[in-house]
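Asks: So you can see what is in the structure, the chains are spelled out below.
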Amino acid sequence: MSQLKNFSKGFIKENPVFVLLLGMCPTLGVTSSAINGLGMGLATTFVLLMSNIVVSLVKKGIPDKVRIPAFIVIIATFVTVVELTMQAYLPSLFKSLGLFIPLIVVNCLVLGRAEAFASKNNVLSSMVDGLGMGLGFTFALVTLGGIREVLGSGKFFDLTIYPENYVTLVFVLSPGAFIVLGYLIAALNLIKKND
Amino acid sequence: MAKRESSFINMVVTLVLVTGIAAAALGFVYDFTKGPIEAAKAKAQAEAIKQVLPEFDELGESFKTLTEAGGDSLEFFPAFKGGELIGTAIKTYTKNGFSGYISIMAGIDKDGNFSGYSVLEHKETPGLGSKMDTWFNNTKKPNQYVIGKSPESTNFAVSKDGGDIDAITASTITSRAFLEALSLAYDSYKKNKE
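Going line by line, the protein sequences match chains Z and H.
Heads up: the first sequence runs through residues 2 to 196, numbered per the numbering used here.
Heads up: the second sequence runs through residues 113 to 306, numbered per the numbering used here.
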């Protein structure tokens, strides 16, 4: 597999949210606005990239039977690094995402890539895979967050598009997340079918 | 290099090494970010105090008092201008929000009226309860405006409960909790003055 293909598979073909349906909890939980989706996506991308690199570096030294606990410790370390850094330098983003950052540890996407990809491939491929998957995840979260924000609060990245009196409130609430996600998956399946 | 065998010794050594390195790395990052995190928190608090009080040039020493109802203490930040007390910012809270805890910085001027408020922390529904940071601050809607009012002359309860303040549309629980937090701040302010 060429590196380009390896990188781009995360966007459409194996998009973690729309196709693999991994990491649904943060996906549905934080995407009430585009900026939250972007913040969560980038935080996850960083964790994914770093844990993929480290896992692929140390994979030979870790006995098979303890590989999962070892991977979890590696992932949890990077999540805590993100959490502390965000709290220190981006306090306003941390305020809205704070609750969900520790959940990256148990985001099946991160452990899934460590287990299914990084523990079997070399460092370069794992890096590209982590970056592609992470950006695919970010792309999905921003799309979902953007649509919900426009429909639900009349804004896009905090810029008012139309007055608040005409919004459909349900889209910023939890049911709206499921509705928009359902339509997005359907739309993507249609595109893939026609390919 | 061949893959390491899953023998007991190998597993223990690996896990000890992995957790040890992780702990050391985290300790380093924690040390590094400790200062900025505290600075960011202090800055957010200072900005909230500035926002809720009339212009002041000196902040007195803050102190904490217990509330009559029990529970956590409230923190008071007296503010002075030219040596004269012109208002007090009070960090108040309620646990009765739609999603639990809400923390608010409320300002009370020297006449005992609210001079402003700033919501520090909440988990209310976006688009509904989260509107409280602007709703009670809207000068165009006197019935939902709390600034310049005091629980002495105004009944700080939502109109549905027979009070004088209009609740946020579709967020009565949040509005009740918000007014409860302000009342709590006022009560301990009064008690503290006596």
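For the record, the hints were derived by calculation from the structure and aren't laboratory data.
Be aware that a few hints might be false.
[What the hints assert, rightly or not] In the SDA-like style, the derived pairs of lysine to any residue whose C-alpha atoms are separated by at most 25 Å in a straight line are:
1. K235(H) - K14(Z)
2. K235(H) - K121(Z)
3. K96(Z) - D245(H)
4. K302(H) - G195(H)
5. K96(Z) - L129(H)
6. K235(H) - V171(Z)
7. K121(Z) - L129(H)
8. K155(H) - V171(Z)
9. K207(H) - Q88(Z)
10. K272(H) - E306(H)
11. K261(H) - L240(H)
12. K66(Z) - K302(H)
13. K96(Z) - G195(H)
14. K235(H) - V151(Z)
15. K243(H) - K14(Z)
16. K14(Z) - S3(Z)
17. K303(H) - K272(H)
[To be verified] Just some of the chain H residues that point at chain Z, by a computed CB distance under 7 Å:
18. M123
19. L127
20. S211
For each residue, glycine too, the CB sits at the ideal point set by N, CA and C.
Asks: For the pair we were handed, K272(H) and E306(H), check the Cα-Cα distance against 25 Å.
Replies: violated, 32 Å
Asks: Has the given pair, K235(H) with V151(Z), been kept, meaning a C-alpha gap of at most 25 Å?
Replies: holds, 21 Å
Asks: So, as I understand it, the hint says L127(H) touches chain Z; can you test that by seeing if any CB pair is closer than 7 Å?
Replies: holds, 6 Å
Asks: Please work out if K302(H) and G195(H) have their alpha carbons no farther apart than 25 Å.
Replies: holds, 21 Å
Asks: Can you confirm whether the C-alpha distance between K66(Z) and K302(H) stays at or below 25 Å?
Replies: violated, 64 Å
Asks: Are the Cα positions of K303(H) and K272(H) separated by 25 Å at most?
Replies: violated, 28 Å
Asks: For a C-alpha distance cap of 25 Å, please report whether K235(H) and K14(Z) respect it.
Replies: With a Cα-Cα distance of about 36 Å, the restraint between K235(H) and K14(Z) is violated, given a limit of 25 Å.
Asks: Run the distance test for K121(Z) versus L129(H): straight-line Cα separation, threshold 25 Å.
Replies: holds, 21 Å
Asks: Just to be careful, I want the Cα atoms of K261(H) and L240(H) compared with a cutoff of 25 Å; is the pair within it?
Replies: holds, 24 Å
Asks: Please work out if K96(Z) and G195(H) have their alpha carbons no farther apart than 25 Å.
Replies: With a Cα-Cα distance of about 36 Å, the restraint between K96(Z) and G195(H) is violated, given a limit of 25 Å.
Asks: Would the hint linking K96(Z) and D245(H) be met if the CA-CA limit is 25 Å?
Replies: Satisfied, since the Cα-Cα distance of roughly 15 Å is no more than 25 Å.
Asks: Does V171(Z) lie within 25 Å of K235(H) when you go C-alpha to C-alpha?
Replies: holds, 17 Å
Checked against the numbered hints listed earlier, the structure breaks hints 1, 2, 5, 8, 10, 12, 13, 15, 17, 20; every other hint is satisfied.
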